[in-house]
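K.L.:
Sequence:
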Amino acid sequence: KLSEEAQTAVADKYCDMCMRFQSGFDDLMNPDAETMMPRRAVTPRTLEDLIRLSTAHAKLKLRDEVLPEDVNEAYKLMLIAREEEAPESAATE
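The opening residue of the sequence shown carries number 29 in this note's numbering; numbering runs sequentially from there.
Rather than coming from a laboratory, the hints here were simulated on the basis of the structure.
C-beta atoms are modelled at their ideal positions from N, C-alpha and C, and glycine is treated no differently.
Incorrect hints may have been included.
If you anchor each label on the Cβ, the simulated ranges turn out as follows [to be verified]:
no.: 1; residue 1: Q35; residue 2: L88; range: 16 to 24 angstroms
no.: 2; residue 1: K87; residue 2: I108; range: 14 to 22 angstroms
no.: 3; residue 1: A109; residue 2: M47; range: 25 to 33 angstroms
no.: 4; residue 1: R68; residue 2: L90; range: 16 to 24 angstroms
no.: 5; residue 1: K29; residue 2: E111; range: 13 to 21 angstroms
no.: 6; residue 1: C43; residue 2: A109; range: 14 to 22 angstroms
no.: 7; residue 1: L90; residue 2: Q50; range: 31 to 39 angstroms
Below, a list of computed lysine to aspartate or glutamate pairs in the EDC-like style, where the Cα atoms sit at most 20 angstroms apart [said to hold, decoys possible]:
no.: 8; residue 1: K29; residue 2: E97
no.: 9; residue 1: K104; residue 2: E33
no.: 10; residue 1: K89; residue 2: E111
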């Protein structure tokens, strides 16, 4: 079960991934960067994956409830799997 805070975190992370995709490039802060690469599409399946990975992380911690920290770890894992760099704010949350 997702806690209220985790539900909000999932929505925020999913929106962030959508915004990253809409920007179309690897580095949001520097559109003139040498590493401009097209991003992979963000779909409803991506949202399901984020929830599934968050739930799996909570189970690894032997919890029945998904917390925002589980969502943050799932988000970082997804960015790495999608070959996108995890933002510094996600790495410290």
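K.L.:
Is it true that the C-beta distance of L90 to Q50 lies inside 31 to 39 angstroms, as the hint says?
P.N.:
holds, 38 angstroms
K.L.:
Has the hinted range 16 to 24 angstroms been met by the Cβ atoms of R68 and L90?
P.N.:
violated, 32 angstroms
K.L.:
Taking 25 to 33 angstroms as the stated bounds, is the beta-carbon spacing between A109 and M47 within them?
P.N.:
Hint violated: Cβ distance 18 angstroms, outside 25 to 33 angstroms.
K.L.:
Is 13 to 21 angstroms respected by the C-beta to C-beta distance linking K29 and E111?
P.N.:
violated, 31 angstroms
K.L.:
Taking the Cβ atom of K87 and the Cβ atom of I108, is their distance within the range 14 to 22 angstroms?
P.N.:
Given range 14 to 22 angstroms: holds, Cβ gap about 20 angstroms.
K.L.:
Between Q35 and L88, does the beta-carbon spacing fit 16 to 24 angstroms?
P.N.:
holds, 20 angstroms
K.L.:
Given the hinted pair K104 and E33, is their Cα-Cα distance within 20 angstroms?
P.N.:
Distance ~18 angstroms between K104 and E33 Cα, so the pair holds.
K.L.:
Could one say that the CB atoms of C43 and A109 fall in the range 14 to 22 angstroms?
P.N.:
This hint holds: roughly 19 angstroms between Cβ atoms.
K.L.:
Are the Cα positions of K29 and E97 separated by 20 angstroms at most?
P.N.:
At roughly 14 angstroms apart (the allowed maximum being 20 angstroms), E97 and K29 satisfy the hint.
K.L.:
Would you check the hint for K89 and E111, treating anything up to 20 angstroms between C-alpha atoms as holding?
P.N.:
violated, 26 angstroms
When held up to the earlier numbered hints, the structure conflicts with 3, 4, 5 and 10 and fits the remainder.
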